[in-house]
Amino acid sequence: MLTFTVRRLLYGVILLFVIVTLAYLLLYAAAGDVGRTILGPTATPATVALKNQQLGLNSPLLSRYFSWLGHALTGNFGNSWFTNQPVTTAIFTRLQVTLTLVFGAVIVSAVLSAVLGVWSALRGGSVDRGVQLFSVLGFAIPGFIIAVFLVRYFALGTHWFKPTGYVPITTSFSGWIRTVTLPVIALSIGLVAGVSQQVRSSVIDALRQDWVRTLRSRGIPERSVLFKHILRNAGGPALSVLALSFVGLLGGAVIIEEVFGIPGLGQIAVLATSQGDVPLVMGLVVAIGVIVIVVNLVIDLLQGFLNPKARIS
Amino acid sequence: MTEAAVTGVLAPDVASEMRAARSHLARRFLKNPLGVAALSILVLIVLAAIFAPLLTSYNPNAVSVLNILQGPGAGHLLGTDGAGRDVWARLLYGARYTLAGALLATVVAAILGITSGLVAGYYGKWFEAASSWVTTLLMALPGIVVLLAARAVLGPSLWTVMIIFGVLLAPAFYRLVYAAVSGVRNELFVDAARVSGVSDFRIIARHILTVVRAPIIIQGSIVFGIAIAVQVGLDFLGFGDQSIPTWGNMLNDGFTNLYRDPQLVVWPGLAIVVTTVALTLFANALRDELDQSARPRSRRRAVAAATATAPEGPDSDTVAHEAPDSSAQAPLLDVEGLAVGYPQADGSVTRVVNNVSLDIRRGEVHGLIGESGSGKTQTAWSVLRLLPAGGEILAGSIRFDGEDLSRVPDAKMRDIRGGRIAYIPQEPMSNLDPSFTIGTQLTEPMRIKLGVSKSEAKARALKLLGQVGIPNPERTFASYPHELSGGMAQRVLIAGAVSCEPDLIIADEPTTALDVTIQAEILDLLRELQRELGVTILIVTHNFGVVADLCDRVSVMQKGRIVETGPARSVFAAPQHPYTRSLFDAILDESQARGPYAETRP
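Which chain is which? The protein sequence lines are A and W, in order. Everything in the first sequence is counted per this note's numbering, starting at 1 for the first residue and increasing by one. Everything in the second sequence is counted per this note's numbering, starting at 1 for the first residue and increasing by one.
It should be emphasised that the hints constitute simulated quantities derived from the structure, not laboratory data. Don't take each hint at face value.
As the list claims (entries may be wrong) - Taking lysine-lysine and the BS3-like style, the derived pairs with C-alpha atoms no more than 27 Å apart in a straight line are:
(1) LYS463(W) - LYS228(A)
(2) LYS309(A) - LYS228(A)
(3) LYS412(W) - LYS449(W)
(4) LYS412(W) - LYS454(W)
(5) LYS228(A) - LYS449(W)
(6) LYS463(W) - LYS449(W)
(7) LYS228(A) - LYS454(W)
(8) LYS458(W) - LYS228(A)
(9) LYS412(W) - LYS228(A)
Start from the sequences and build out the full structure, keeping to the hints where you can.
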């Protein structure tokens with residue numbers, strides 16, 4: 001189990017390293033005249049040259065890369081070119097907001113998917129058709145379109161929820177609920193569509209297994225057969241779908257945050273990339289990479305818990 | 001080598017079968033109402049985009065400061081947007097750019113993914129390893145973030161962004177094609193083509209691509225939908241080329257003016273929803289039909305086989321070797337006139353067990369013997385009331401200790417199962433829940449049935465494991481099913497069956513799935529347990545050796561009916577029914593050649 005964890009972690013770190021290296025080299029190779037970008041067209045060539053020198057852009061790309069990497073390993077990602085704020089500060093203040101949304105969506109989706117999937121697998125008939133229809137719509141309609149409609153009809157129509165902004169849970173719980181509910185719904189619908197379908201087909205599949213008959217032959221109550229044995233066996237594939245969707249969820253959060261005006265990672269991602277703020281973009285690449293790796297590792301460990309065979313391989 | 005020669009060499013029926021399957025698929029798809037509706041909507045949208053100039057006289061980019069945010073009507077079908085542009089015109093022209101952009105991304109993804117998938121799947125080697133690495137890499141990146149970064153350095157061109165997104169989406173096709181190709185790579189017909197000197201290119205084009213064509217179309221429509229979503233998303237964020245009308249730019253404008261005219265987001269939103277839902281429905285319908293066309297043949301065969309098993313009619317000629325046992329106590333299990341059937345979709349009922357009568361006395365081992373499909377397992381499952389989905393007891397009674405099991409309520413039946421009637425399955429490995437330890441699976445029924453504590457249940461389980469001959473009970477207790485051998489797993493299942501002290505054990509071919517040496521050990525174990533516990537056993541088997549070894553009495557079953565019954569000794573000594581005799585003749589015997597198979601009923 002330990003070697004398994006270590007190997008997965010190592011694999012993730014290598015992947016992260018490759019992504020970061022590619023991103024650094026490509027971004028700087030394509031960045032053009034950075035000093036001019038920052039100072040704008042009115043600056044004199046001399047000040048532009050001075051700015052470039054201040055930023056250390058005159059040394060060769062590779063040596064800059066290694067020095068950046070060295071600093072990055074100690075947790076120093078430099079400062080934003082435009083606000084001069086340390087990259088780590090800029091990211092950390094917003095990370096919490098984005099993670100709230102993303103993990104909120106994951107938890108909501110996991111619970112809803114389990115309920116809907118099991119329900120439609122067992123009931124069949126019109127319940128099943130209803131869940132299927134929901135899944136098709138949820139899969140097909142982009143999350144931010146749902147978000148736009150939620151703002152249009154719920155936030156503006158009913159005033160139950162706030163159309164924009166974010167209130168931390170530490171400030172006001174009701175304010176937090178009123179700001180996060182709609183974004184979490186918008187993020188969750190697509191996920192529920194995919195995961196509930198997987199739960200449904202895994203449950204149908206598990207119900208056909210021989211060991212279900214044997215469990216019943218032992219007089220195990222149906223409740224236990226279903227919720228203890230079948231759901232645990234159906235959990236693995238559903239978790240894989242959840243894991244595969246996670247990267248998409250982070251991407252989706254970028255646009256959803258923009259719709260609801262939530263100050264999360266998405267907002268600085270939009271800002272940093274539109275300005276060409278390379279240090280900040282690099283910091284974001286690392287942050288997202290780390291989140292993806294950690295989440296995948298956690299899901300692998302959960303898989304091992306659910307499926308004993310996965311523990312060895 | 002010419003093409004004709006190639007098709008001649010390569011099992012021609014494979015090629016024609018594929019062609020038939022394909023034309024089938026198209027025809028079947030056209031009969032799927034949802035699929036046809038989705039396809040029609042898509043065609044309408046594409047036509048509307050192509051003939052946009054005919055459907056509106058407005059220029060989608062004509063800004064008019066005097067006509068800002070006008071409502072529908074008054075010359076503008078859907079009103080005007082924040083810059084006074086005609087919404088209907090922008091919607092139509094927007095379809096052109098949005099669909100063309102998504103198409104570009106899909107085509108790039110398809111070309112890259114399919115070629116690399118074919119090469120990696122067909123040739124393997126280093127290309128395979130490299131491709132799978134690149135795939136993992138691409139899939140670890142949130143697409144939208146990459147696109148934002150790319151847009152920052154490359155500018156806002158719709159086409160550039162869509163080409164890059166196409167690259168990011170290539171894994172969707174790569175994985176599909178790679179899986180399919182590496183699957184058929186070593187098929188016989190591909191080998192045959194290779195041996196007969198057909199070029200790799202031709203093999204791929206003719207024999208491999210045809211296999212994945214329909215899945216590629218399905219994947220393509222899904223990717224197309226994703227490309228629309230991402231492109232609209234970028235434009236919505238204001239990162240697109242603002243000079244062209246796209247649905248994303250319209251959404252952006254609508255959202256900016258949300259408070260002044262909340263209707264503006266609705267039109268592009270609806271256009272996107274209708275298009276992406278139609279794409280998904282189209283893909284789903286195609287996939288359904290693809291699944292269907294792969295299935296019907298085997299289903300027909302299965303039904304035919306099942307139908308053959310049990311002809312209806314009275315059970316007139318059961319050979320009984322003894323007078324009914326009226327003197328002694330009542331039998332523990334008394335099955336009378338049992339019929340089991342599976343209702344079919346067309347309203348008919350396929351009978352698999354017909355008028356079976358069986359009585360099993362207390363403390364005896366009763367063999368139920370017959371060839372595969374004779375209905376013996378169905379009979380056993382009926383006693384447990386655990387017939388597979390759709391199976392029904394059509395007639396007869398199953399009296400167990402005086403109570404008719406075919407009529408007791410479910411809750412009562414649950415009490416009887418495990419506690420009074422236990423079950424030993426045929427295939428040990430598939431009959432243990434793979435996700436729980438042996439210990440959990442052994443103790444759970446004991447805690448329910450015997451109401452013992454967790455530690456008490458554990459102590460009992462360990463003792464049982466020792467009793468069934470498991471060398472290290474502690475270790476097996478903590479093991480998962482996949483860590484056991486088949487023989488061990490069967491011992492565990494036997495331990496489970498006797499754990500709650502049942503009166504009757506139903507063992508369904510308990511040795512069939514095991515190695516010959518293990519078979520003997522398991523039979524010994526059953527005999528020992530029977531002697532120790534005095535339990536009654538109904539053992540289902542197709543093996544006369546098992547009957548001779550273990551059984552006091554035996555019933556011979558054929559085509560859903562009992563044809564001969566009596567003490568094992570007497571049936572062995574003087575088989576009366578022709579079918580019983582043919583079963584005996586079928587046993588390989590040194591002294592005697594095999595006799596002819598007796599078909600007793602046409």
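Results of checking the hints against the structure:
Distance restraint check for LYS463(W) and LYS228(A): the Cα-Cα separation of roughly 26 Å lies within the 27 Å cut-off, and the hinted pair is therefore satisfied. Taken as a hint, the LYS309(A) and LYS228(A) pair is honoured in the structure, with Cα atoms around 18 Å apart against an allowance of 27 Å. For a cut-off of 27 Å, the pair hint linking LYS412(W) to LYS449(W) stands: about 13 Å separates their Cα positions. This hinted pair checks out: LYS412(W) and LYS454(W) have alpha carbons roughly 24 Å apart, not beyond 27 Å.
For the hint linking LYS228(A) to LYS449(W), the alpha-carbon distance of about 17 Å falls within 27 Å, and the restraint holds. Note on LYS463(W) and LYS449(W): the hinted pairing holds, with a Cα-Cα distance of about 17 Å set against a maximum of 27 Å. For the proposed pair LYS228(A) and LYS454(W), the alpha carbon gap of about 17 Å is at most 27 Å, so the pair holds. Straight-line distance between C-alpha atoms of LYS458(W) and LYS228(A) comes to about 19 Å, which keeps the hinted pair within the 27 Å bound.
Distance hint between LYS412(W) and LYS228(A) is fulfilled; the C-alpha atoms sit about 22 Å from each other, no more than 27 Å.
Violated hints: none; the structure is consistent with every hint.
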